[in-house]
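Novice: Listed below, chain by chain, are the residues.
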Amino acid sequence: MTDTTLAQLSNLAVYSAMAVLTLAMTAYALYLARLAPARDATVEAPERELVAAGPGADTVGSDAGTPDAGTPQAPAPPRAPAREDEPVGARKAAGVGWTLTLLGTLLVVAGVALRAAEVHRWPLGNMYEFALVGSMFTLLAYVGWALRRDLRWLGLFVVGPVLLVLGAAITVWYTDASELMPSLRSVWLAIHVTVATMSVAVFTIGAALGGLYLVQQRMEGGGGPRSFMARLPEARALERLAYAAHVVAFPMWTFTVIAGAIWARQAWGSYWNWDPKEVWSFVIWVVYAAYLHARATTGWSRSNAVWIALGGFACIIVNFAVVNVYFVGQHSYSGL
Amino acid sequence: MTDAVVQPRLGAVGWVRYAWRQLTSMRTALFLLLLLAVAAVPGSTFPQRSIDAARTAQWITDHQTAGPLLDRLGFFEVYASPWFAAIYLLLFVSLIGCVVPRTRIHWHQMRTRPPRAPRRLERLAAHRETEVDGAPDEVLDRLRATLQRRRYRVHAHDDSTLSAEKGYLKESGNLVFHLALIGVLVGVAWGHLLGWKGDVILPVGQTFANTLIRYDTFSPGPWVDPTDLDPYTIRLDAMDVEFERDDTGRGQFGMPRDFRATTTFTDGDGRAQEREIAVNHPLETGHGTVFLLGNGYAPHVTVRDGDGTVVYTDATPFLPEDDNYTSVGAVKVPGTDPALGFAGFFLPTGVIDDERGPHSVFPDTVDPQLALTAFEGTLFPDGSPRSVYTLDTEEMTPLPGGDGADQLRILLRPGQTFELPGGRGSITFDGVERFAGLSIRTDPGKTLTLGSALLALGGLVLSLVVRRRRVFVRVRPADTAGRTVVSVGGLAKDDDEGMDDEIAAVLTADEGHR
Ligand code: HEM
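First to last, the sequence lines map onto chains A and B.
In terms of the numbering used here, the first sequence opens at residue 49 and continues consecutively.
In terms of the numbering used here, the second sequence opens at residue 75 and continues consecutively.
Take these hints with a grain of salt, some might be off.
[Claimed, not checked] FRET-style restraints, in silico, Cβ to Cβ: (1) A/374 <-> B/461: 29 to 35 Å; (2) B/128 <-> A/266: 48 to 54 Å; (3) B/143 <-> A/346: 39 to 45 Å; (4) B/396 <-> A/374: 16 to 22 Å; (5) B/95 <-> A/70: 27 to 33 Å; (6) A/70 <-> B/360: 56 to 62 Å; (7) B/229 <-> A/266: 41 to 47 Å; (8) A/374 <-> B/148: 19 to 25 Å; (9) B/551 <-> A/192: 45 to 51 Å; (10) A/346 <-> B/204: 33 to 39 Å; (11) A/346 <-> B/301: 52 to 58 Å; (12) A/365 <-> B/182: 57 to 63 Å; (13) A/346 <-> B/85: 27 to 33 Å.
Since the hints were derived computationally from the structure, they do not count as laboratory data.
Virtual Cβ for every residue (Gly too), placed ideally from N, Cα, C.
Please build the complete structure, drawing on both the sequences and the hints.
Specialist: Printed below as a string of structure tokens:
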């Protein structure tokens, strides 16, 4: 096959993936809509609020020195109904969403593989390729995690952003296949940029969970109309999941920054030049470090901590969409 | 009376202690972290002098009011500014003040036994109770073995309970992480104080000797002795550069594809070796690393005086100004009277149009041209050295053009000679060589920085992955003889979804005895 055919196939795979993922997103939205409790199904609500407002389980074990620090904690009833209790329509929609997500993921993987075959190198040389590979890792992370626990409620909030990124990638950031600038030709490209995109993928899922947590928190606070949110995991569980995602992503980002420094020394002679891209990688790292701190700081609420994490994600977006394109620096490889 | 004297002093000590406690609190650390993030941003939005001095100067000229003000506030040297330093130094003082006591506590905790089991295990976050075969002391022995297998440290404070704890590595990792950050900072500072860098432009065929005067620019750290450089030489044998010639890719035509310098490296003892330097493949000399950071063209020019005597012949580097290597430079000929000077452009693929003047449309030498204007007079008015790439024409007059124009314009292709008017001699463009832009750098702190950074990463992973858990066991004889009621409770630091499973697992290990 010629490179042009490969290019066409790669783009075809990406367009098909977008079509499939759009359907997946619709199915997941339908799932949540059908889950939304009917108007009269309010019986269990007050009970739940009691649990959420119960004595701060946050303090459990906060002082490891005294064994009596444990406070009584009623076992929380499982919040999301088991699959069997879901309305049939909802369950079906979720099944369709899941299958389509798997298919969409496969198509994105194919798009990446074909692109790699086309350019004869690691497909991480310009913004289009970062966005494509980043989408792939986000989907893979979601699918991988969803195989281990029920994350059907999260589908909409992962597939949606991925679609957005893919759309921007193929329209705004699209770059024809090309060789790399000499400074990009290094094994460190594969190492540094692969881990960076993986890390961003997991941060994305973390940000989706963080956002859901903030909404859920507000709902449990009493306000807000009843909606599908009532069938999502309770706020505390969402917060814990968000933390879990960040705990995976943060060391990866730390590694990304270190690997980038090693590479920068090889390519540019100095491991840290405060080039705009480096500045923002550093800012992202510090903001997420602040998130982990905030979470451990007594007297800081979990929701404030999550706000910091979302700030970190905003910095990731700036680092990608703004710094790559508008800032003058050595990292000029947007391909635009 | 004495009170009046002592009290303010006590107050001061108390105040200092208060300030110290504030500084080393988690809240302050959090605040400083966020502040650090915010403070780093202007360095990416404003041009930085250390990176691009010309762009910085331009920005300041373009912004008459804001420019000088921001300059005074350090916005063009953010990472060397006092306020940025204040933030990270405070952060690190806070870090030391925080980590040292925590290290002491952790050290102590690692050497003390897990605490006594609480009276009511069912009040712990995770708890299970079950009945198993065996007398209480047998059951305790079995559970002790199970817990030890699961890497718990187990201690029995009395005959009916066990206290077990594991996951000390979480706190160790956390401490290692924070301490290693100090290592990173020290490594960076060390490199700054004892490192240096120098840049050289070396045309093909020429040799660079590692002495101070051979550097075009040299920036030593404050503690560097620049006269004490390693005596080695580097001869540039060949410089190979490739550019994208395929014009189908969007925006890629003419982009650099490969830079490669072939050199002969001769060390201080006179041993010569052929060594290649390429982007991403620097040359390690032992004391300093040679990076290939740039390249360009050095047209070889020969100037003869009115008698035909050669007064200048050399490959003269011209500095590339754009991606197509439109390059500017000057040829200075002090050997004639009055001295001659030529300034202008070298164009690897030259086009001259009225709108843009002389410029190049492709970075490789498809149609090399030299476009110069000529001057005569004093080259170095006050005797001070000037940039080799520009001609100071303050005390020079332009040579007039032959057709009555007030400025002589010379356009040469390789091999061509131009006769200067009035019997002043001639200038010949013999051909063009490439030059390599080499940057030679040492950073004695980099190993410490890298080692610390990796240590920090390791500590971080431990701290985030390991779980600190306590398990307590209490046994009592069951109503049935030979059976025992086991109550197991678990306590975890932070919220730990796995605690229930952990306790279940401890009990499952004893399943055979139900
Ligand atoms: C250079 C500045 C600092 C950075 C980048 C930083 C970063 C971090 C990160 C990423 C974590 C989470 C990972 C872990 O648990 O090991 C953490 C945890 C922690 N940091 Fe820092 N930190 C800094 C300074 C400080 C200071 C000044 C203090 C003391 C006031 C401090 C106290 C702590 C504590 C107690 C934890 C553990 C929280 C827990 O129990 O989970 N850190 N830090």
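Novice: At the C-beta level, are residue 396 of chain B and residue 374 of chain A separated by a distance inside 16 to 22 Å?
Specialist: holds (20 Å)
Novice: Mind checking the hinted window 19 to 25 Å against the Cβ distance between residue 374 of chain A and residue 148 of chain B?
Specialist: holds (23 Å)
Novice: Is it true that residue 374 of chain A and residue 461 of chain B lie within 29 to 35 Å of each other by Cβ?
Specialist: holds (31 Å)
Novice: Confirm or reject the claim that residue 365 of chain A and residue 182 of chain B have a C-beta distance inside 57 to 63 Å.
Specialist: Given about 45 Å between the Cβ atoms, the range is violated.
Novice: Regarding residue 95 of chain B and residue 70 of chain A, is the given constraint of 27 to 33 Å on their beta-carbon distance met?
Specialist: Check failed, 56 Å falls outside 27 to 33 Å.
Novice: For the hint 56 to 62 Å, verify it against the beta carbon of residue 70 of chain A and that of residue 360 of chain B.
Specialist: holds (59 Å)
Novice: Regarding residue 143 of chain B and residue 346 of chain A, is the given constraint of 39 to 45 Å on their beta-carbon distance met?
Specialist: Because 41 Å falls inside the window, the suggested range holds.
Novice: Does the Cβ-Cβ separation between residue 346 of chain A and residue 85 of chain B fall within 27 to 33 Å?
Specialist: Given a distance of about 28 Å, which is inside 27 to 33 Å, the answer is holds.
Novice: With respect to the beta-carbon atoms only, verify the hint that residue 128 of chain B and residue 266 of chain A lie 48 to 54 Å apart.
Specialist: Since residue 128 of chain B and residue 266 of chain A have Cβ atoms about 51 Å apart, the given range 48 to 54 Å holds.
Novice: Lying within 41 to 47 Å: is that true of the beta-carbon distance residue 229 of chain B to residue 266 of chain A?
Specialist: Taking Cβ atoms as reference, residue 229 of chain B and residue 266 of chain A lie about 46 Å apart, which means the hint holds.
Novice: Does 45 to 51 Å hold as the CB distance between residue 551 of chain B and residue 192 of chain A, or does it fail?
Specialist: The hinted range 45 to 51 Å holds for residue 551 of chain B and residue 192 of chain A, with Cβ atoms some 48 Å apart.
Novice: Is the hinted range of 33 to 39 Å satisfied by the C-beta distance from residue 346 of chain A to residue 204 of chain B?
Specialist: holds (36 Å)
Going down the numbered hints, you'll see the structure goes against 5, 12, while the others check out.
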